[in-house]
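Participant: Position chain B relative to chain A; hints supplied.
Each chain, written out:
There are 2 protein chains.
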Amino acid sequence: MNPSITGKPLQLKQLRIRDSFWSSYIHRVRDVVVPYQWEALNDRIAGAEPSHAIKNLKITAGLEQGEFHGMVFQDSDVAKWLEAVGYLLENESDPELERVADELIEIIAAAQMDDGYLNTYFTIKEPNQRWTNLAECHELYCAGHWIEAGVAYYQGTGKRKLLDVCCKLADCIDQTFGPEPGKMIGYDGHQEVELALVKLYRATSNEKYLKLSQFFIDVRGQEPNFYQEQFKQRNGSVHFPFLDIASNLSYSQAHLPVRLQETAEGHAVRAVYMYTAMADIALETGDEELLTACRRLWSNIVEKRMYITGSIGSMAHGESFTLDYDLPNDSAYAETCASIGLILFAQRMLQIEPRSEYADVLERALYNTVISGMSQDGKRFFYVNPLEVWPDACEHNHTFSHVKPQRQEWFGCACCPPNIARLLASLNRYVFTVQGRTLYTHLYVGGDLNAELDGRQLMWKTESDLPWKGEVRFEYIGQSADEFTMALRIPDWCEGASVKINGETVSIEGSIVDGYARLTREWQQGDRIELSLPMTVKRMKAHPSVRAAAGKTALQRGPIVYCAEEADNGADLHLLSLSGGKEFEARFEPELLGGVVTITTTGMRKKQADWDGRLYHVDKPAEEIPAALKFIPYYAWANRGRGEMAVWIKE
Amino acid sequence: MNPSITGKPLQLKQLRIRDSFWSSYIHRVRDVVVPYQWEALNDRIAGAEPSHAIKNLKITAGLEQGEFHGMVFQDSDVAKWLEAVGYLLENESDPELERVADELIEIIAAAQMDDGYLNTYFTIKEPNQRWTNLAECHELYCAGHWIEAGVAYYQGTGKRKLLDVCCKLADCIDQTFGPEPGKMIGYDGHQEVELALVKLYRATSNEKYLKLSQFFIDVRGQEPNFYQEQFKQRNGSVHFPFLDIASNLSYSQAHLPVRLQETAEGHAVRAVYMYTAMADIALETGDEELLTACRRLWSNIVEKRMYITGSIGSMAHGESFTLDYDLPNDSAYAETCASIGLILFAQRMLQIEPRSEYADVLERALYNTVISGMSQDGKRFFYVNPLEVWPDACEHNHTFSHVKPQRQEWFGCACCPPNIARLLASLNRYVFTVQGRTLYTHLYVGGDLNAELDGRQLMWKTESDLPWKGEVRFEYIGQSADEFTMALRIPDWCEGASVKINGETVSIEGSIVDGYARLTREWQQGDRIELSLPMTVKRMKAHPSVRAAAGKTALQRGPIVYCAEEADNGADLHLLSLSGGKEFEARFEPELLGGVVTITTTGMRKKQADWDGRLYHVDKPAEEIPAALKFIPYYAWANRGRGEMAVWIKE
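Listed in order, the protein sequences are those of chains A and B.
Reading the first sequence from the start, the letters are residues 1 to 651 in my numbering.
Reading the second sequence from the start, the letters are residues 652 to 1302 in my numbering.
Bound conformation, chain A alone:
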């Protein structure tokens, strides 16, 4: 597919990031996370749960002997790693990494069956049971990740080997599934192949992949239910007995045809991956009904089912959405992968219609939950991202046993770490889109944009002081003058944004459309835009229907949501309260947590007076004393040992 500036907005990825904040993350992915995960996939991390994922591939390829180990979807960890490698190689050459990846791709190719089928679990363990338990066994999910890897690696290196494997795999799937007589009318328990097939269509221009994705989207939730039919055909055998997937259809968003779904239900990652694919298809086909469903589901999430940190999925059971305004802080699931999926969904919606609300949520999830998922050293990860932690309760009350007070080295189900890696490695895809004569900036990330579309030079150098200061500078570096519109997002956290062009203040009032300040002129090489986004500490409140935040406040400054940690405030954070009207001091501390702006203020701390061993007491007056309170960015919590943490503080 040839890029062109048409009526449709287009993602621009020709950005080389050089950012005061994000470059260190991307370097960490390249220098630490990707190498570390390679060791993990090869079972070479002492003390971490072995992955066995590479070994499964080698066994399938006939290169080693042994049994399959790991989750039924273990392959996807390798695929996500390889996808991240593709993005890294696109941004910067690394011959050694490319050599390792090429060798891996040879193994993958050897593990593929002659008919294109590629799945280590079924090939090793249940070769006669292919496609018999789509609800639980994730064959299409894994296929989707292989395809995303194949496309990314092709785009990053120009090498077709893995892409060809993926086309052969997609062809195998196309021969197996579809509305035509003799094919299965089914779909995977974990959506992923749908969005991957759209990528494959875009990479190959082969419309059959788009059609196959449409088929999977539209057949989901039709009656009779496919999962239940397969369940009967298997005589009721199940892979994950506790999930009850054949009767709990909303877990996999199979309770209704997707176009009829009103609320975000079930497993949060599956849901947002599906909405992402729906948006992809709506973009490609102009399907208004599908777009309406996307907008409705988006609104349900961001207006009723999303934490202030941009995380989603309120309960551990089924890693799922629950109900409107049910956002418990301490028993939250808030999976890292789910926020990544929400970012994918937001990115696709921005490609359809540039409205800042999508980018606001994207930014919220990115700066808070996604990077919270990784430790400062890039070697430990959160799967679950609670907004309140009492470590003793996590250890002694099973309600909180999924909440880990500290990041873990690796997981038996290691979906999140490679997902963080592939998102950060491809961050340049989330910053700009272009539509017609307008270049949209969704995120303020420093770097050089160097795109030419239809002879037009979309070339800008960006310097950003985010997230600690709201100053952003753009310089047009195209050689030829060109008239077009720079559309700069005015974030939801900002009041009083101002713009200077070549040093002169330009009024942006009246120029803001859908949350973007539109600056139209004939840009000359060297033209400079200075965007100023004032950042103050905001006392954030949740909608009154959010029970878990009733009477409480969270602090936010710029895109960063803050939290109180025991390391700064002592234990028993529930005894603290913010005092009304008090000033906040925001101060950059270069030595703390890699350099962060902290917020301090004077609040109150309830005294734990002597209760004479009584648990309940008549009208005991609550004595309070002033206390210095300190808040750090939420994403940086749990880097200073085990302790309490809270985002929402009593007012």
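Derived by calculation from the structure, the hints in this document are not laboratory data.
Predicted model only: the values in this text are computed from it and were never measured.
Glycine included, every Cβ here is placed at the ideal spot set by N, Cα and C.
Take these hints with a grain of salt, some might be off.
Here are the computed lysine-lysine pairs in the DSS-like style, where the Cα-Cα straight-line distance is at most 27 Å [what the hints assert, rightly or not]:
id, chain 1, residue 1, chain 2, residue 2
1, A, K13, A, K159
2, B, K1301, A, K582
3, A, K304, B, K1257
Which stretches of chain B does chain A cover? Using the computed rule of at least three CB atoms under 8 Å from a CB of chain A, they are [as the list claims (entries may be wrong)]:
id, stretch
4, 946–957
5, 1182–1196
6, 1259–1270
Facilitator: Only chain B this time, still in chain A's reference frame:
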């Protein structure tokens, strides 16, 4: 064993209850609950889960054909029912009920094996696996309930048949377990037989039963661990895989020898049944070390691990205690049976040392959690007793799926309904104890005490206006004058208690010892004591370490803890707050919920202003408007349809 007034306090059960509050409960047990449960045990309740318990006995007795169905401990439901029948027959003859019970006892006797073994699960289903999985399979637990039933039925009717069955069963157990060579050194996963054996010892004066109980208590938690040894012998087979009982030793209080246990751990019912037996043994043997352990565990519960409603067990997983001050209101387990067990423990401690703190807790659990467990019509029951309910969340968030917003007809695991029945049917055993020349009144329950001990007439008529008014009248109805001390408990909820004797005020200041006002005189027939216990509405606070109650208040009046229900206050109870300094009106409403005192006041309700679809908002001022708030007794909640409920309200 002949009752006698010695140095030890003695439970007095010669009380015929005629009480304005409790008589209706006891009648309901007799007229509704016991007949209803008989139908349930015989699988004749349409729409309720079948019990199969009687059928299991008939199959075991060879009277019917079929398979075992139900929980491994299904027998205990029958035993608890029969125990309740024993108490009812002791208080009032009922030839038809006695005939039904006698017929059942014939079946039970026929179901007993020649060697005394009695357990339908193992006899029908795994006859060769007796005693191979004590940790999970509850053979001794069921035996304990048979024994309690046998003793109660013997005491209630004078009939020995079931008692003889129980002695034969206990002898079988004694031949199987013990320190002697060739016997098993083991103990049950669910404590119960220990306290039952003390009852059997008291009923038969056969010391071997006391010794066997001591053995079970002292062998628990010794190394090598018995459960783990049996687990190995079974090659790792388990009955309840999710409990992981062979490694989670504290679940069954088998993590340490009982004398070394410092905190209340594990399954709450098991724990308090065990502490009850420990207290029984301490009472019988004067074992000071065991008594010290009882006092320590009691303090840990009531000072750190008990809800204000007298319920215990903070989490559903394992129906267990968690950690100090962890008392979540919405995800509480707070099992009805656990509060009954806490009452048993308190009763035993009162027999050892009359201290009002035991009776305060006993009263709290009784008036709140225990009777909350049963609907107004006696046909529906709570197993779990939360302190806060959002019904939508119970249905959509698995964290709360154990919490039922409405009472259920019956349960597959139906431990609680018959437990409520047997407790209420034996309520006369919880009111008085006697020690030396002192008659202690622990609960204020109307009725006629008619005891003669060592020629002394402990004969009093009591009229009580509790729980709605704190007025209690005693009249000495003994024919012979006698000098002794009436020790009247001054409840923890009361300030300014006063006493009149024969119409004249008597100062009780200075006469209060361990929470009991001591009135010593030579009592003459017709002497009257009027005890006045002022009841005001109390704003109760929880210890600051209780996170779930931080910044909140619960209302209590007399022994009754109150709650707000949606039926009176509308939905979204989290938006309500109590205003400081406002007056409360307490008013008896005879038509409401069987006649209750309600509390009304003016508080505030936060307005759910228009948030324009936003979930988070900068410093949105919280608008509040005055609201009429109404509170009902906690025990009466969920009798007016599905709705929200909250005990703790923001201040």
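Participant: Each of the hints needs a verdict: does it hold here or not?
Facilitator: Results of checking the hints against the structure:
Among the hinted pairs, A/K13 with A/K159 is consistent with the structure: their alpha-carbon atoms are about 19 Å apart, no more than 27 Å. Between B/K1301 and A/K582 the CA atoms are separated by roughly 23 Å; this keeps the pair inside 27 Å, and the hint holds. Distance restraint check for A/K304 and B/K1257: the Cα-Cα separation of roughly 19 Å lies within the 27 Å cut-off, and the hinted pair is therefore satisfied. Counting residues of the stretch 946–957 of chain B whose CB lies closer than 8 Å to any CB of chain A gives 5, which reaches the minimum of 3, so the coverage claim holds.
With 8 residues carrying a beta carbon less than 8 Å from a beta carbon of chain A, the stretch 1182–1196 of chain B meets the three-residue requirement, and the given coverage holds. Counting residues of the stretch 1259–1270 of chain B whose C-beta lies closer than 8 Å to any C-beta of chain A gives 10; at least three are required, and the coverage claim holds.
Hint compliance for this structure: no hint is broken.
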